[in-house]
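**Student:** Letter by letter, the chains look like this.
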Amino acid sequence: MTATLTPTTAPAPEVATTPVPARATRSAAAALLSDTLVFARRNVEHIRQIPEKLLDVTVQPVMFVLLFAYVFGGAIDVGGSYREYLIGGILVQSIGFGMVGPATSIATDLSEGVIDRFRILPAHRSAYLLGHFLAELAGMLLAVAILLGTGLLVGWRAHTGFVDVATALLLLVAFAAAMIWVGTYLGMLVRTPDAVMGIAFTSIFPLTFISNAFVPIRSMPEVLQWVASWNPMSAMVAAIRELFGNPAAPVAKDVWPMQHPVAAAALYCAALLAIGMPLALRRFRARITD
Amino acid sequence: MYDSLVRPTNNGSETGGVVAEGLGKRYGDLWALRDLDLHVPPGTVLGLLGHNGAGKTTAIRILTTLARPTEGRARVAGLDVVADAARVRERIGVAAQQATVDGLLSARANLEMVGRLHHLSRSEARRTADELLARLDLTDAAGRLAKHLSGGMRRRLDLAASLVAAPEVLFLDEPTTGLDPRSRADLWDLLRGLVDRGTTLFLTTQYLDEADRLADEIVVLDHGRTVAKGTPAELKARIGDDRFDVALATADDLAAAATVLRPFVAHEPTLDAESLVFSAPVVDGTRLIDVVRALDGAGIDAVDVNRRQPSLDDVFLTLTGATGRADGTDATGTGTGTDTGADVTVAGAGHGPTADPEPQEALA
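Just so you know, the sequences run in chain order R and P. In this text, residue positions in the first sequence follow my numbering: the first is 1, and each later residue adds one. In this text, residue positions in the second sequence follow my numbering: the first is 1, and each later residue adds one.
Chain R on its own, in the form it takes in the complex (with noise of 0.2 Å):
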């Protein structure tokens, strides 16, 4: 086999001593949040680059917000104001689509060389994707708080006491929380960042028109009811509608999920939860590790 001259006849250092800079030594949990938010603070320094990433979760619900208000809404009776009606439903819609985010920067990321970069560091593994969800997360609630404060000025209300509006933003944040990790998973899933695109259109789209997000159930076709019916998104609506005391239209098809929607939506939300971030975190470690 290898046919070895002679030994390294190498200069002999005299004396390898590379200066090490101090480490300051830490917990494990104090490394982890350290080394999360540097990564959370790159994604926030990346909005400060391209300030157009923002576009998607705060201009757009602005704009669907009005464009239902004031155009569709008209044409649509859901047995009360629908401007009241319609908040529930938009805010839900730009959650869901809040997963093309985080889907779309992991995609980039782990299509460029820098994700060879963090796999060398010494930081923890998690603390990646952790601080991507992070960044993320601000950026869905400031979403809703663009949502909530556009629909006050078309007059919507909540006429609900603390703990139900508590209630339902935290509803929101676990539900943006779970549509986070589904995102991350689904750019690890594709193998360019333009994929993304499509593959959160063909599943949002319809799953939140063929809901009780912009129209009450009881108008579409037969089948359809039972669609939107079934549908999580429509729990997840009928909810926030309930908790903030806003007009639901009547139920369509007495299921489960439709007549306790508050619990219907917790369950949604934590199933997601528990099932997203462990399959996003497992599908990371095997996309590093070769």
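No false leads were mixed into what you were given.
Which residues of chain R face chain P? A partial, calculated answer using Cβ under 8 Å:
1) Asp35
2) Leu121
3) Thr289
Have a look at the derived ranges for each label pair, beta carbon to beta carbon:
4) Ala271(R) <-> Ala86(P): 28 to 36 Å
5) Arg68(P) <-> Ala271(R): 31 to 39 Å
6) Ala86(P) <-> Pro250(R): 53 to 61 Å
7) Leu54(R) <-> Ser123(P): 25 to 33 Å
Treat the hints as calculated values from the structure; they're not laboratory data. Ideal Cβ placement from N, Cα and C applies to all residues, glycine included.
With the hints as your guide, set chain P onto chain R.
**Tutor:** Below, chain P without anything else, positioned relative to chain R:
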């Protein structure tokens, strides 16, 4: 096992450098790397030489914890690359073939981020970033987004990122590919400076002069296998004799030159048809003046005549040409006659196993 390999160079203190033993990596049915044995003492430079697909990047990926070896073991900075991967990452710097910088961050922000992820404090990370920007001549570009930097600048930024933690072992995967000659020379200077200060350097290259200039030891890979290792001088010695080059003025003289020069040719001359350079290992005892006189006597106009040690190119072609690389450049010359230029093996061809009996052994 490792210890016996390492201790002699390390005074019994913690072992450093890079040690690999029977390292192999299989992707599907294909062994990208097989039976790699390495011993790189701390503070020295190893050059891993090979064509694309020879297994160089696979070796780097295993040694930098990015890939798990299918077989064999390796230690970097005294730590096992599989069992102690996390601690290995604290001690190494890596600059991959493609710059691994974040295009949407400024040059400085990239370095600060890497510093923070190496767990430097915010102020340390900033100071280190500024130092490295200055050292790699990037201070003027500090605020520019990495994606707007030129290719050469991005490579330098990538190198800066790999130096943030003052690594004990620095891995560079084809560090000068795509760089202009000046940037290359600057980079070589910088790397020599690092090695002088005790850094162990592990670099892969397709450039023979780069390995020749920087490496203390060279390992030649071909199709995942080690085909030779040794110091640059040792590898050159493997090819044996000195060579002489005769640059002819016109193509018309080729046949005559081949005849006249035959007494001096030890074996298998080559001819570069474009530059009209006739090249061959010289017969022992040949004096250059005799060559010149013979040419002059035959009335052949030679532009240049020189005698030289075999270059790493010669070594490389001898070693890997003999493995029967099917890449077309391998005109294994059957022409033994030297009386016409047409029969002379065209340059770029492997010299074939007959050039040196040793490579056979290397490939068995």
